[in-house]
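*Asks:* Build the full structure now, drawing on both the sequences and the hints.
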Amino acid sequence: MLLLDYDVRRYAFAKVVARQVYRVPALERLHVYWLAQKTRRGAEPCLTHADNLLLRQRMQGLPDDDLFYVIYNAFVKEVIGAAFQRRLSYSMHPKMRVHLAGTPSVSSWHRDADVTGRVDQINVWLPFTDTFDSNTLWVESDYGKGDYRPIPVRYGQALVFDGGYLSHGTVANDTRQTRVSIDFRFAPRGDSLPPKAKAILGRRPADLNRGQTMETSGYEH
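Counting with full-length UniProt numbering, you get residues 1 to 221 for the letters of the sequence shown.
Incorrect hints may have been included.
List time: in silico DSSO-like cross-link candidates among lysine-lysine, alpha-carbon distance up to 27 Å [stated by the list, open to error]:
#, residue 1, residue 2
1, Lys77, Lys95
2, Lys15, Lys38
3, Lys145, Lys196
4, Lys145, Lys77
Ranges between beta-carbon positions, derived for each pair [what the hints assert, rightly or not]:
#, residue 1, residue 2, range
5, Gly61, Val8, 16 to 26 Å
6, Asp120, Ala43, 42 to 52 Å
7, Phe132, Leu2, 32 to 42 Å
8, Thr48, Leu88, 29 to 39 Å
9, Ala12, Ala206, 15 to 25 Å
10, Pro152, Arg203, 18 to 28 Å
Hints were generated in silico from the structure; no laboratory data involved.
Keep in mind it's a predicted model, so treat the numbers as computed, not measured.
All C-beta atoms in this analysis are idealised placements derived from N, C-alpha and C, irrespective of residue type, glycine included.
*Replies:* Listed below in structure tokens is the structure:
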């Protein structure tokens, strides 16, 4: 597991998403603004899992030529690519996530490889708000332990980990801050793994390196 720092002025994800997608001054207070909108429309004054999905779809619907994707592609090549010293194969469209304050878990415990079948990929979890306690991602400490704990990640950091085989998920967000994030997977190109990739993937038990997976349902983060 690795935390990479990056310059939020150069890769201004939060500013772009707040202004262009949600038109709010602060993403961590998205729940406040969204609840006020619902109330004005005469909807029930409460927040649910459905609200997380609806808000996520607003990000997911951005066109490929949007400024967000310009920043995203530059980030992958200049930050992740530089850290791993390699050209990368990566997701062109990351998964967009919203976890409003006061709403239930948005992800059951899972291992990505059980869905993708890919044993060569590394996960990047990238929040656009400071995350902690119950609004962040929870990951087990070692393969198969199931001893989930929150991983605090601030805006300006990327969590890089073996999400293919380290089980992870979320719990109900009982903090007063909303989390907005993206996540994606990448694989270094070439015949051998660069040092940082070895450090992340090299601790797998032997049976996992042979591609052991299990049946699982769909998931979100």
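*Asks:* Run every hint past the structure and note whether it holds.
*Replies:* Hints versus structure:
1. About 18 Å separates the Cα atoms of Lys77 and Lys95, which keeps this hinted pair within 27 Å; it holds.
2. In summary, the hint linking Lys15 to Lys38 is supported, as the alpha carbons are separated by about 23 Å, within the 27 Å threshold.
3. The suggested pairing of Lys145 with Lys196 holds, with an alpha-carbon distance near 23 Å, which does not exceed 27 Å.
4. The suggested pairing of Lys145 with Lys77 is violated, with an alpha-carbon distance near 33 Å, which exceeds 27 Å.
5. Taking 16 to 26 Å as the suggested C-beta distance range, the pair Gly61 and Val8 conforms, at roughly 24 Å.
6. Checked against the given bound of 42 to 52 Å, the beta carbons of Asp120 and Ala43, roughly 45 Å apart, stay inside it.
7. For Phe132 and Leu2, the Cβ-Cβ distance of about 18 Å falls outside the hinted range of 32 to 42 Å, so the restraint is violated.
8. At about 37 Å, the CB distance of Thr48 to Leu88 agrees with the hint of 29 to 39 Å.
9. The beta-carbon spacing between Ala12 and Ala206, approximately 43 Å, falls outside the hinted interval of 15 to 25 Å.
10. Judged by the Cβ atoms, the range 18 to 28 Å given for Pro152 and Arg203 holds: they are separated by roughly 22 Å.
The structure fails hints 4, 7 and 9 (numbered hints given earlier, in ascending order).
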